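Taken in order, these protein sequences are the chains called S and P. The numbering of the first sequence is my numbering, which starts it at 1 and goes up by one. The numbering of the second sequence is my numbering, which starts it at 498 and goes up by one.
Keep in mind that a hint or two might mislead.
What the hints assert, rightly or not - Taking lysine-lysine and the DSS-like style, the derived pairs with C-alpha atoms no more than 30 Å apart in a straight line are: (1) P:538 / P:521; (2) S:338 / P:835; (3) P:835 / S:308; (4) S:332 / P:805; (5) P:556 / P:545; (6) P:805 / S:339; (7) P:541 / S:308; (8) S:48 / P:775; (9) P:769 / S:266; (10) P:805 / S:166; (11) S:48 / P:556; (12) P:805 / S:308; (13) P:663 / S:338; (14) S:59 / S:166; (15) S:166 / P:763; (16) S:278 / P:521; (17) P:541 / S:41; (18) P:663 / S:266; (19) P:663 / S:44; (20) P:775 / S:272; (21) S:332 / P:835; (22) P:541 / P:556; (23) S:166 / P:556; (24) P:775 / S:278.
What the hints assert, rightly or not - Footprint (simulated), chain S over chain P, 3 or more residues, beta carbon under 8 Å: (25) 552-566; (26) 652-662; (27) 675-681.
To be verified - Ranges of calculated distance between the beta carbons of each label pair, as one might list FRET restraints: (28) S:52 / P:776: 19 to 27 Å; (29) P:661 / S:68: 25 to 33 Å; (30) P:874 / S:55: 41 to 49 Å; (31) S:52 / P:538: 28 to 36 Å; (32) S:52 / P:760: 46 to 54 Å; (33) S:466 / P:881: 20 to 28 Å; (34) S:280 / P:730: 22 to 30 Å.
Since the hints were made in silico from the structure, they are not lab data. Given the structure is predicted, the values throughout are model-derived calculations rather than measurements. Quick reminder that beta carbons are idealized off the backbone N, C-alpha and C, glycines included.
Protein chains: 2
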Amino acid sequence: MACGKEVAKEIEWRIKVEEDDTLKRRVVGFMWAATAGVALKLWKFVKKAWELGVNDPRKFIHCLKVGVALSLVSLFYYWKPLYDGVGGNAMWAVMTVVVVFEYTAGATICKTVNRMCGTSLAGFLGIGVHWVASRAGEQYEPIIIGVSLFLLASAATFSRFIPTIKARFDYGAMIFILTFCLVSISGYRVDELLDMAQYRMFTIIIGSILCIIVSVIIRPIWAGFELFVLVTGNLDKLANSLQCCVARYFDGSEASDEESDKVSEKELLGYKCVLSSKATEEAMANLARWEPGHGRFNFRHPWRQYVKIGASMRSCASCLDALIGCINSDNKASDEMKKNMRSISMKVGAKSASVIREIATTMRNMTKSSKLDILVTEMNSAAQDLRSLLSSYPNLVNAPSHNAKRSAQTETAPSDIPQAAKVEIPLLQIIQVVTVASLLIEIVARVEGIVETVEELSDLANFQPEKRVKSKQHSPDSKISPDQQIDEETDRTLQMV
Amino acid sequence: MACGKEVAKEIEWRIKVEEDDTLKRRVVGFMWAATAGVALKLWKFVKKAWELGVNDPRKFIHCLKVGVALSLVSLFYYWKPLYDGVGGNAMWAVMTVVVVFEYTAGATICKTVNRMCGTSLAGFLGIGVHWVASRAGEQYEPIIIGVSLFLLASAATFSRFIPTIKARFDYGAMIFILTFCLVSISGYRVDELLDMAQYRMFTIIIGSILCIIVSVIIRPIWAGFELFVLVTGNLDKLANSLQCCVARYFDGSEASDEESDKVSEKELLGYKCVLSSKATEEAMANLARWEPGHGRFNFRHPWRQYVKIGASMRSCASCLDALIGCINSDNKASDEMKKNMRSISMKVGAKSASVIREIATTMRNMTKSSKLDILVTEMNSAAQDLRSLLSSYPNLVNAPSHNAKRSAQTETAPSDIPQAAKVEIPLLQIIQVVTVASLLIEIVARVEGIVETVEELSDLANFQPEKRVKSKQHSPDSKISPDQQIDEETDRTLQMV
Numbered sequence: 001m002a003c004g005k006e007v008a009k010e011i012e013w014r015i016k017v018e019e020d021d022t023l024k025r026r027v028v029g030f031m032w033a034a035t036a037g038v039a040l041k042l043w044k045f046v047k048k049a050w051e052l053g054v055n056d057p058r059k060f061i062h063c064l065k066v067g068v069a070l071s072l073v074s075l076f077y078y079w080k081p082l083y084d085g086v087g088g089n090a091m092w093a094v095m096t097v098v099v100v101f102e103y104t105a106g107a108t109i110c111k112t113v114n115r116m117c118g119t120s121l122a123g124f125l126g127i128g129v130h131w132v133a134s135r136a137g138e139q140y141e142p143i144i145i146g147v148s149l150f151l152l153a154s155a156a157t158f159s160r161f162i163p164t165i166k167a168r169f170d171y172g173a174m175i176f177i178l179t180f181c182l183v184s185i186s187g188y189r190v191d192e193l194l195d196m197a198q199y200r201m202f203t204i205i206i207g208s209i210l211c212i213i214v215s216v217i218i219r220p221i222w223a224g225f226e227l228f229v230l231v232t233g234n235l236d237k238l239a240n241s242l243q244c245c246v247a248r249y250f251d252g253s254e255a256s257d258e259e260s261d262k263v264s265e266k267e268l269l270g271y272k273c274v275l276s277s278k279a280t281e282e283a284m285a286n287l288a289r290w291e292p293g294h295g296r297f298n299f300r301h302p303w304r305q306y307v308k309i310g311a312s313m314r315s316c317a318s319c320l321d322a323l324i325g326c327i328n329s330d331n332k333a334s335d336e337m338k339k340n341m342r343s344i345s346m347k348v349g350a351k352s353a354s355v356i357r358e359i360a361t362t363m364r365n366m367t368k369s370s371k372l373d374i375l376v377t378e379m380n381s382a383a384q385d386l387r388s389l390l391s392s393y394p395n396l397v398n399a400p401s402h403n404a405k406r407s408a409q410t411e412t413a414p415s416d417i418p419q420a421a422k423v424e425i426p427l428l429q430i431i432q433v434v435t436v437a438s439l440l441i442e443i444v445a446r447v448e449g450i451v452e453t454v455e456e457l458s459d460l461a462n463f464q465p466e467k468r469v470k471s472k473q474h475s476p477d478s479k480i481s482p483d484q485q486i487d488e489e490t491d492r493t494l495q496m497v
Numbered sequence: 498m499a500c501g502k503e504v505a506k507e508i509e510w511r512i513k514v515e516e517d518d519t520l521k522r523r524v525v526g527f528m529w530a531a532t533a534g535v536a537l538k539l540w541k542f543v544k545k546a547w548e549l550g551v552n553d554p555r556k557f558i559h560c561l562k563v564g565v566a567l568s569l570v571s572l573f574y575y576w577k578p579l580y581d582g583v584g585g586n587a588m589w590a591v592m593t594v595v596v597v598f599e600y601t602a603g604a605t606i607c608k609t610v611n612r613m614c615g616t617s618l619a620g621f622l623g624i625g626v627h628w629v630a631s632r633a634g635e636q637y638e639p640i641i642i643g644v645s646l647f648l649l650a651s652a653a654t655f656s657r658f659i660p661t662i663k664a665r666f667d668y669g670a671m672i673f674i675l676t677f678c679l680v681s682i683s684g685y686r687v688d689e690l691l692d693m694a695q696y697r698m699f700t701i702i703i704g705s706i707l708c709i710i711v712s713v714i715i716r717p718i719w720a721g722f723e724l725f726v727l728v729t730g731n732l733d734k735l736a737n738s739l740q741c742c743v744a745r746y747f748d749g750s751e752a753s754d755e756e757s758d759k760v761s762e763k764e765l766l767g768y769k770c771v772l773s774s775k776a777t778e779e780a781m782a783n784l785a786r787w788e789p790g791h792g793r794f795n796f797r798h799p800w801r802q803y804v805k806i807g808a809s810m811r812s813c814a815s816c817l818d819a820l821i822g823c824i825n826s827d828n829k830a831s832d833e834m835k836k837n838m839r840s841i842s843m844k845v846g847a848k849s850a851s852v853i854r855e856i857a858t859t860m861r862n863m864t865k866s867s868k869l870d871i872l873v874t875e876m877n878s879a880a881q882d883l884r885s886l887l888s889s890y891p892n893l894v895n896a897p898s899h900n901a902k903r904s905a906q907t908e909t910a911p912s913d914i915p916q917a918a919k920v921e922i923p924l925l926q927i928i929q930v931v932t933v934a935s936l937l938i939e940i941v942a943r944v945e946g947i948v949e950t951v952e953e954l955s956d957l958a959n960f961q962p963e964k965r966v967k968s969k970q971h972s973p974d975s976k977i978s979p980d981q982q983i984d985e986e987t988d989r990t991l992q993m994v
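Next comes chain S alone, as it looks inside the complex (with noise of 0.2 Å):
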């Protein structure tokens, strides 16, 4: 018996062992599994950011400019005869380097100039309220510095809250408070007041022109730049997505391969980047007026006329996004219609693409266009066939004869549909051609808009007729892509160093 109890005893044992065994075992594969997953986290968020730099190689070429920057001003530490001249005020030549460091030139100088007005602005007041104050006796001498603290921190943060400070001024203001703050109310603890405003002035000048200096010549990346190639490269979305999206009606599902749909998808939607790009453009629009001359803009070039390309871009865009809700409804209209309605309807919408593609152009040389005259004529011309198409109409389904007409001139005379068909035709199935007709002419009205209002900004930018730019050496900057023309105003500005 003795002998059993021992046996069950050692059996329980060896269960309980496993179980703690399985009970580890389970614990460490969890962990292990838990590791891994975050560790497939991290690669993952890992290799997104690698991705996101790679398909943008400036934005490493920024960070690695930001590193020199940080290196060249720590130098002031490093290097002895530099930091017995400035000793520990070194600290706000760091501090400028690292807040004032921007992606864009022009953010870069904003802020720059932002600092140092702002700076001495204040630190002048703050030495004259400081001076005031002393002079005024030991008991009131807290009172007043307290009150024009209050006083003027509450007035300069109001003044951000105006709009053309707001656009240009606001970093500025903040630092008008910052400095005018430290200077006043260091003032009454430390005695030689004016020597570490004169220091760190200096200190604050030394960090914002190794700033700019880095920011200008090290593969500068100009806001206006950046503005300009959003602004055609959104004017060439929207021709293709207007194209596209007219084909597609009309054409139905001809191209059926995925591989092209896919390519076609996105180039249909492209019209959503001009929709979202507003807050982007006003942003590059305020920072770039900011920027010396750079390439072939010079320092006053309108870019303010490019928020009203934009503007104009958006107000076409979003009838386009309406012709595509309709398009997309259920409301179908019937084959034969389509069909009447294909030539014509294909004519505006590659006329009216071709015309967004010639302002590109237009804007990318940066000269007056000679065609674009012609482009808009033909567009418009187009667009009375559209509406002359329509007032025929009501002949059109009662009359067969005209009908056949009608399909000759468009080239594709489709016969498969049974002529008895074309005889009457119910309004409803005509709602979404007539839809789509009627919208393109109002398209057609919005794009004669973004023509006018890029005629603004050649007459504003002095672009030159294009006959005399042909004879230049500046036209074929028209074919390169916009990153090997960053190339070359880089190469352009170094040689000028």
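Here the structure of chain S is known, so what remains is to put chain P in place on it, guided by the hints.
Just chain P now, kept in the frame of chain S:
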């Protein structure tokens, strides 16, 4: 002769003096005019700024809050026991308040958390790198510090391009770079690095906490609430625009006095606010998630859903934009057609507007509306009526008897149009009406899109069914203005503290 010469000289002299006088007077006059011009401009600027504040008094309040926070933090300098505690490091508390204090509580909390996390993380890393470098010997110290600075600064700068980090931790990444630089570089020159880091961290935390307290307690401006007011207000604007646009088109120029014209013009263009508020909505949604529960919104309120609602509203608004464009185009419809479609189209417009308004009310009350389903059904059936009216159209054009029946149905049957005109209308004259009708049907579809996104919100945020809420005290909230609501919330918060 001599006398004659003298007289002549005197006259010459007098002329000269008079010339001098006129020159002087002109210069003085010019200067006066210039001064007056500048003063006038300045006056206009100040007046405009003042109006900006009067229109939204919370801006004034924010400025006063900044003043209060700065005055409080400056006690570190004025009050001797405090100054003895932290010394010159008080500067960091002041700096924190200036840099971190933002208009909305969400932005302040976001920056505060970012600043504290970025500072502490970089502080530890910086001290670690400094420790390693100091062990490596004097020769290698600057190299190790410099290389680590370059790598970490570049990496942190790159992280600011990654969308998820940019949306939440952009400021933190900048502060990380700043602190790491200051700590690791200063370590090369400053002996008591740990003490310095400790004091700085301490003052930054004090400044941050002060900011949060002032921002949240004194009349807080919640980003979430602002987003809520923006989206619900935009819903109302969209509804008004839609109804106003349809009514204007079909009613023609009935209201002719200038005052009401201006009002309706403003109402008509309200949808433009919807189109242009994308950036604001996204910024607010990003900030709102940092905020604690306030008013009826808890901490994890689904703010991202408001961005989705905004997107569906924009899709509807862009269709409305196309509709308004078509209405304003040259291609006018015949009056008769308009009269035939009038009643049913206006019904569609009114029904969609009331659906949008009901959505807004739902969101304001945070309830699941019992009426919404009925209203959506009514809207859809009105759209269906419009579709069937269109489908019956060929008969309508050719048969006056049927037309009379329709007119009777529209309640206001006008009889001033010659009956002969009703016999046949070319398609050109009905294009506009057909387009308007078909865009209205598309708008109805997009309004359903808004309803869907709002229903998602009501699921995510656990909106209560209407009846249960009516018995509670919440329901009167819907009738008060946003400003009053803010007051109430502030009062509640104040009572809490």
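Structure-based check of each hint:
1. The hinted pair formed by residue 538 of chain P and residue 521 of chain P meets the criterion: a straight-line CA distance of about 25 Å does not exceed 30 Å.
2. Restraint check for residue 338 of chain S and residue 835 of chain P: the C-alpha separation of about 26 Å stays at or below 30 Å, so the hint holds.
3. Distance check on the hinted pair: residue 835 of chain P and residue 308 of chain S sit about 35 Å apart at the alpha-carbon level, beyond 30 Å; violated.
4. The straight-line distance between the Cα atoms of residue 332 of chain S and residue 805 of chain P is roughly 29 Å, inside the 30 Å bound, and the hint therefore holds.
5. For the hint pairing residue 556 of chain P with residue 545 of chain P, the CA-to-CA distance comes to about 14 Å; that is within 30 Å, so the pair holds.
6. The hinted pair formed by residue 805 of chain P and residue 339 of chain S fails the criterion: a straight-line CA distance of about 38 Å is larger than 30 Å.
7. Proposed proximity of residue 541 of chain P and residue 308 of chain S is supported: the alpha carbons are some 26 Å apart, at most 30 Å.
8. The hinted pair formed by residue 48 of chain S and residue 775 of chain P meets the criterion: a straight-line CA distance of about 26 Å does not exceed 30 Å.
9. Distance restraint check for residue 769 of chain P and residue 266 of chain S: the Cα-Cα separation of roughly 27 Å lies within the 30 Å cut-off, and the hinted pair is therefore satisfied.
10. Proximity of residue 805 of chain P to residue 166 of chain S is assessed by CA-CA distance (about 28 Å); at most 30 Å being required, the pair is judged to hold.
11. In summary, the hint linking residue 48 of chain S to residue 556 of chain P is not supported, as the alpha carbons are separated by about 41 Å, beyond the 30 Å threshold.
12. With a C-alpha separation of about 27 Å, the suggested pairing of residue 805 of chain P with residue 308 of chain S holds against the 30 Å cut-off.
13. Only pairs whose Cα atoms come within 30 Å are accepted, and residue 663 of chain P paired with residue 338 of chain S is rejected, the gap being roughly 48 Å.
14. A distance of roughly 27 Å separates the Cα atoms of residue 59 of chain S and residue 166 of chain S; the hinted pair therefore holds under the 30 Å criterion.
15. Straight-line distance between C-alpha atoms of residue 166 of chain S and residue 763 of chain P comes to about 26 Å, which keeps the hinted pair within the 30 Å bound.
16. Taking the CA atoms of residue 278 of chain S and residue 521 of chain P, the gap is near 53 Å; set against the 30 Å cutoff, the hint is violated.
17. Between the alpha carbons of residue 541 of chain P and residue 41 of chain S the distance comes to roughly 57 Å, so the proposed pair goes past 30 Å and is violated.
18. For the hint linking residue 663 of chain P to residue 266 of chain S, the alpha-carbon distance of about 26 Å falls within 30 Å, and the restraint holds.
19. Between the alpha carbons of residue 663 of chain P and residue 44 of chain S the distance comes to roughly 18 Å, so the proposed pair stays at or under 30 Å and holds.
20. Simply put, residue 775 of chain P and residue 272 of chain S have alpha-carbon atoms about 13 Å apart, close enough for the 30 Å limit, and the pair holds.
21. Taken as a hint, the residue 332 of chain S and residue 835 of chain P pair is honoured in the structure, with Cα atoms around 24 Å apart against an allowance of 30 Å.
22. Proximity of residue 541 of chain P to residue 556 of chain P is assessed by CA-CA distance (about 19 Å); at most 30 Å being required, the pair is judged to hold.
23. The hinted pair formed by residue 166 of chain S and residue 556 of chain P meets the criterion: a straight-line CA distance of about 14 Å does not exceed 30 Å.
24. With a CA separation close to 9 Å, the supplied pair residue 775 of chain P and residue 278 of chain S stays within the 30 Å bound.
25. Counting residues of the stretch 552-566 of chain P whose beta-carbon sits less than 8 Å from any beta-carbon of chain S gives 8, enough to reach three: the coverage restraint holds.
26. Counting residues of the stretch 652-662 of chain P whose beta carbon lies closer than 8 Å to any beta carbon of chain S gives 6, which reaches the threshold of three, so the coverage claim holds.
27. Counting residues of the stretch 675-681 of chain P whose C-beta lies closer than 8 Å to any C-beta of chain S gives 3; at least three are required, and the coverage claim holds.
28. Range check, residue 52 of chain S to residue 776 of chain P: about 21 Å between beta-carbon atoms, so the 19 to 27 Å window is met.
29. At about 27 Å, the CB distance of residue 661 of chain P to residue 68 of chain S agrees with the hint of 25 to 33 Å.
30. A hinted range of 41 to 49 Å holds for the C-beta pair residue 874 of chain P and residue 55 of chain S, which are about 48 Å apart.
31. Roughly 47 Å separates the CB atoms of residue 52 of chain S and residue 538 of chain P, a value that falls outside the hinted 28 to 36 Å.
32. In this structure the hint that residue 52 of chain S and residue 760 of chain P lie 46 to 54 Å apart at CB holds, the actual value being about 49 Å.
33. One distance hint, 20 to 28 Å for the beta-carbon pair residue 466 of chain S and residue 881 of chain P, is violated here, with the actual separation near 55 Å.
34. Checked against the hint of 22 to 30 Å, the C-beta distance between residue 280 of chain S and residue 730 of chain P comes to roughly 25 Å, which is consistent with it.
Hint violations for this structure: numbers 3, 6, 11, 13, 16, 17, 31, 33, all remaining hints satisfied.
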